[in-house]
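Visitor: Generate the whole structure from the sequences, applying the supplied hints.
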Amino acid sequence: MSEPKKTPLYDVHQSLGGKMVEFAGFLMPVAYGSIIDEHNAVRERVGVFDVSHMGQFVVTGTDAREFVNRMITNDCSKLLPGNLQYTVMCREDGTVVDDLLVYVISEDRIILVVNAANIEKDYEHLTSRKRKNVEVSDVSEEYALVAVQGPRTREVIAACPFFGQVADRLQKLPYYNGITFYHRGAEVLVSRTGYTGELGFEVFVPAELAVALWDQIVVAGEDCGLAVIGLGARDTLRFEAAYCLYGHELDDHTSPLEAGLSWVVKLKKPSFCGAEALRKEKAKGSKRVLIGLAVSGRNIARQGYTVLRDGREVGRVTSGAFAPTLHKSLCMALVDRACSAGDGQFAVWVRDKEVPAKPTSLPFYKSRAK
Amino acid sequence: MNFDNMRFSKEHEWVEFEKSSEVVTIGITDFAAGELGDIVFVELPEVGREVKNKEPVGAIEAVKTVADLFAPLSGVVKEVNTQLEDNPGLVNQSPYKEGWFLRLQMTDRSELDELMSHDDYSRITGTE
Numbered sequence: 001m002s003e004p005k006k007t008p009l010y011d012v013h014q015s016l017g018g019k020m021v022e023f024a025g026f027l028m029p030v031a032y033g034s035i036i037d038e039h040n041a042v043r044e045r046v047g048v049f050d051v052s053h054m055g056q057f058v059v060t061g062t063d064a065r066e067f068v069n070r071m072i073t074n075d076c077s078k079l080l081p082g083n084l085q086y087t088v089m090c091r092e093d094g095t096v097v098d099d100l101l102v103y104v105i106s107e108d109r110i111i112l113v114v115n116a117a118n119i120e121k122d123y124e125h126l127t128s129r130k131r132k133n134v135e136v137s138d139v140s141e142e143y144a145l146v147a148v149q150g151p152r153t154r155e156v157i158a159a160c161p162f163f164g165q166v167a168d169r170l171q172k173l174p175y176y177n178g179i180t181f182y183h184r185g186a187e188v189l190v191s192r193t194g195y196t197g198e199l200g201f202e203v204f205v206p207a208e209l210a211v212a213l214w215d216q217i218v219v220a221g222e223d224c225g226l227a228v229i230g231l232g233a234r235d236t237l238r239f240e241a242a243y244c245l246y247g248h249e250l251d252d253h254t255s256p257l258e259a260g261l262s263w264v265v266k267l268k269k270p271s272f273c274g275a276e277a278l279r280k281e282k283a284k285g286s287k288r289v290l291i292g293l294a295v296s297g298r299n300i301a302r303q304g305y306t307v308l309r310d311g312r313e314v315g316r317v318t319s320g321a322f323a324p325t326l327h328k329s330l331c332m333a334l335v336d337r338a339c340s341a342g343d344g345q346f347a348v349w350v351r352d353k354e355v356p357a358k359p360t361s362l363p364f365y366k367s368r369a370k
Numbered sequence: 371m372n373f374d375n376m377r378f379s380k381e382h383e384w385v386e387f388e389k390s391s392e393v394v395t396i397g398i399t400d401f402a403a404g405e406l407g408d409i410v411f412v413e414l415p416e417v418g419r420e421v422k423n424k425e426p427v428g429a430i431e432a433v434k435t436v437a438d439l440f441a442p443l444s445g446v447v448k449e450v451n452t453q454l455e456d457n458p459g460l461v462n463q464s465p466y467k468e469g470w471f472l473r474l475q476m477t478d479r480s481e482l483d484e485l486m487s488h489d490d491y492s493r494i495t496g497t498e
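Order-wise, the sequence lines are chains A and B. Using the numbering used here, read the first sequence as starting at 1 and increasing by one per residue. Using the numbering used here, read the second sequence as starting at 371 and increasing by one per residue.
Any given hint could be a false lead.
Covered stretches of chain B, going by a simulated chain A footprint (3 or more residues, C-beta under 8 Å) [claimed, not checked]:
hint, segment
1, 400-411
2, 414-425
Reference excerpt, derived from the structure (chain A facing chain B, CB under 7 Å, subset only) [claimed, not checked]:
hint, residue
3, I35
4, I36
5, F322
None of these hints come from the bench; they were simulated from the model. Virtual Cβ for every residue (Gly too), placed ideally from N, Cα, C.
Guide: And the structure:
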């Protein structure tokens with residue numbers, strides 16, 4: 001492995017006492033104090049996150065839209081400039097390369113936001129399938145990404161001079177929409193997106209503006225009880241909202257239909273990478289299905305633990321936590337669909353014992369307003 | 371804090387003893403609690419169970435990870451900290467006081483000598 005990378009906010013995390021860990025090739029703060037306190041701050045108030053490790057590609061050219069639509073499973077053909085969409089992209093065999101955001105900036109310029117761990121793989125996947133009139137460039141290192149999430153997000157944005165010129169527009173910005181503006185000559189993108197299950201924005205800024213933006217958000221958030229949030233709470237927040245995380249619910253061997261993402265797979269779309277395989281899977285029925293389980297007691301059913309049905313192995317846990325907001329031990333698991341239908345008792349093999357578990361609907365947690 | 375009547379294991383447990391008693395109190399160190407992060411569940415052995423030195427006797431579930439709890443001495447479990455059932459966060463807040471795990475009646479007091487002093491323990495954790 002090469003030396004882990006640092007985001008433009010690395011020094012800020014250090015000065016805040018962030019506990020730095022390597023994640024997807026980056027040194028990132030897992031927490032600044034208590035993960036549970038950080039989690040609760042986002043559910044109850046507001047938090048700021050450095051998610052600059054995420055990758056960004058800019059797709060340009062007259063065929064940019066057509067190309068992106070051919071690569072993704074969702075349908076981006078009807079998006080207007082300023083619209084975003086969550087999707088996955090698959091290989092020809094229907095397995096997931098990555099889950100990503102498609103952000104249409106203009107007719108011939110689209111930004112893709114991808115997972116840090118998959119930047120190289122995604123770039124290779126895209127460039128090896130592109131035709132003329134399309135350029136894909138990896139701008140991951142030029143951009144920082146800062147997320148503000150939680151029910152009091154709008155107050156923080158309103159108090160933050162960085163957003164002064166677009167403050168009114170941001171207050172009214174609908175979910176999965178974004179706006180572009182210029183701060184001291186540099187292009188800034190703000191989208192009403194996030195991965196916590198709460199109201200929130202994500203701000204794409206050139207790397208050199210990251211520290212100024214962060215500092216302004218922290219000051220603007222003082223009156224709202226804003227907290228700085230590490231990757232630990234980011235994970236428990238997305239887990240309660242049952243958002244898929246690459247490397248957990250999704251990987252190179254999973255199809256989006258198995259992972260409960262059929263809502264982003266538009267099989268009726270003319271053609272896209274993986275369409276044939278996914279149509280077949282849909283017709284036959286997926287082998288596996290992603291389910292939610294409430295685990296009895298307080299042991300945590302962690303990724304990789306075996307899931308049993310009436311004593312028989314039916315699958316594996318993909319993510320598990322003692323959910324801080326819901327106060328219970330919950331997990332998501334990919335299980336054999338046929339063996340999991342009908343009546344029967346689920347259990348999770350937790351270390352050296354079989355712990356009973358009950359199916360529970362996903363998402364575990366739903367906020368009042370995203 | 372005074373650590374004179376405490377000994378420490380490589381597995382980051384502390385043992386508090388008294389000269390006149392065979393019953394010791396056991397918990398995990400400040401360093402261990404900090405490394406684990408927020409503790410959400412502590413699985414403790416049953417009262418009355420006879421445990422052997424270095425035997426796994428329970429588990430500590432933290433948000434990000436799970437760790438085995440090893441018996442730092444041989445003995446019989448006399449009492450466990452039932453407060454931790456509802457409030458496992460006590461281990462993070464007060465690892466040496468309210469966050470204690472269990473009391474053990476030692477069966478071989480000489481095992482105490484195999485454990486480290488606080489100074490030696492601080493040296494291995496780099497927290498001198």
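Visitor: Indicate, hint by hint, whether the structure satisfies it.
Guide: Evaluation of the provided hints:
Counting residues of the segment 400-411 of chain B whose C-beta sits closer than 8 Å to any C-beta of chain A gives 4, which meets the bar of three, so the coverage hint holds. Here's how the segment 414-425 of chain B fares: 0 of its residues keep a CB closer than 8 Å to some CB of chain A, so the rule of at least three is not met and the hint is violated. For the restraint placing I35 (chain A) at the interface with chain B, the shortest Cβ-Cβ distance is roughly 5 Å, inside the 7 Å limit, so the hint holds. With a cut of 7 Å, the hint placing I36 (chain A) at the interface with chain B holds, because the nearest CB-to-CB distance is about 5 Å.
Proximity of F322 (chain A) to chain B holds as hinted, the smallest CB-CB distance being about 4 Å (cut-off 7 Å).
In this structure, only the earlier hint numbered 2 is contradicted, and the remaining ones agree with it.
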